[in-house]
Amino acid sequence: MFGAQAMANFMISLEIMGLGMVGIFAVILLIIGIVTLLTRLGGKADRQNTSK
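Quick note on numbering: the sequence shown equals residues 1 to 52 in the working numbering.
No lab work stands behind these hints, which were simulated from the structure alone. Note that the structure is predicted; figures quoted are calculated from it, not measured. Glycine is no exception: its CB is placed at the ideal position from the N, C-alpha and C atoms. Misleading hints may appear alongside valid ones.
Claimed, not checked - Ranges between beta-carbon positions, derived for each pair: (1) R40 / L19: 30 to 36 angstroms; (2) A4 / G43: 57 to 63 angstroms; (3) A4 / L38: 47 to 53 angstroms; (4) L29 / A8: 28 to 34 angstroms; (5) G20 / G43: 31 to 37 angstroms; (6) R40 / G3: 51 to 57 angstroms; (7) G23 / M1: 31 to 37 angstroms; (8) V27 / F2: 30 to 36 angstroms; (9) M11 / L41: 41 to 47 angstroms; (10) I16 / L37: 29 to 35 angstroms.
Whenever a hint applies, use it, and build me the whole structure from the sequences.
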């Protein structure tokens, strides 16, 4: 039904899609890490200011 070239192109497209999904996952983890870090740093500063 599909030729060898069509299957090769399909496999290449799956590899590219997989790389894109890994990239998106890595960026999401990076954003979560940055937000968590900023929340911890900001939370400590706010607690110190309100306790004074």
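CB of M11 to CB of L41, is that within 41 to 47 angstroms?
Because 45 angstroms falls inside the window, the suggested range holds.
For G20 and G43, compare the CB-CB distance with the range 31 to 37 angstroms and indicate the outcome.
Roughly 34 angstroms apart at Cβ, these two residues keep to the hinted range, so it holds.
Taking the CB of A4 and the CB of G43, does the distance hold inside 57 to 63 angstroms?
About 58 angstroms separates the Cβ atoms of A4 and G43, which means 57 to 63 angstroms holds.
Regarding I16 and L37, is the given constraint of 29 to 35 angstroms on their beta-carbon distance met?
holds, 32 angstroms
Range hint compliance [Cβ, G23 to M1, 31 to 37 angstroms]
holds, 32 angstroms
Between A4 and L38, does the beta-carbon spacing fit 47 to 53 angstroms?
Taking Cβ atoms as reference, A4 and L38 lie about 51 angstroms apart, which means the hint holds.
Is it true that R40 and L19 lie within 30 to 36 angstroms of each other by Cβ?
Since the Cβ atoms of R40 and L19 sit about 32 angstroms apart, the hinted range of 30 to 36 angstroms holds.
Take the C-beta atom of L29 and the C-beta atom of A8, compute their distance, and say whether it sits inside 28 to 34 angstroms.
With Cβ atoms ~32 angstroms apart, the hint holds.
Starting from the hint 30 to 36 angstroms, judge whether the C-beta atoms of V27 and F2 obey it.
Distance hint for V27, F2 holds at roughly 34 angstroms.
Hint says 51 to 57 angstroms; check whether the CB-CB distance for R40 and G3 agrees.
This hint holds: roughly 56 angstroms between Cβ atoms.
No hint from the list above goes unmet by this structure.
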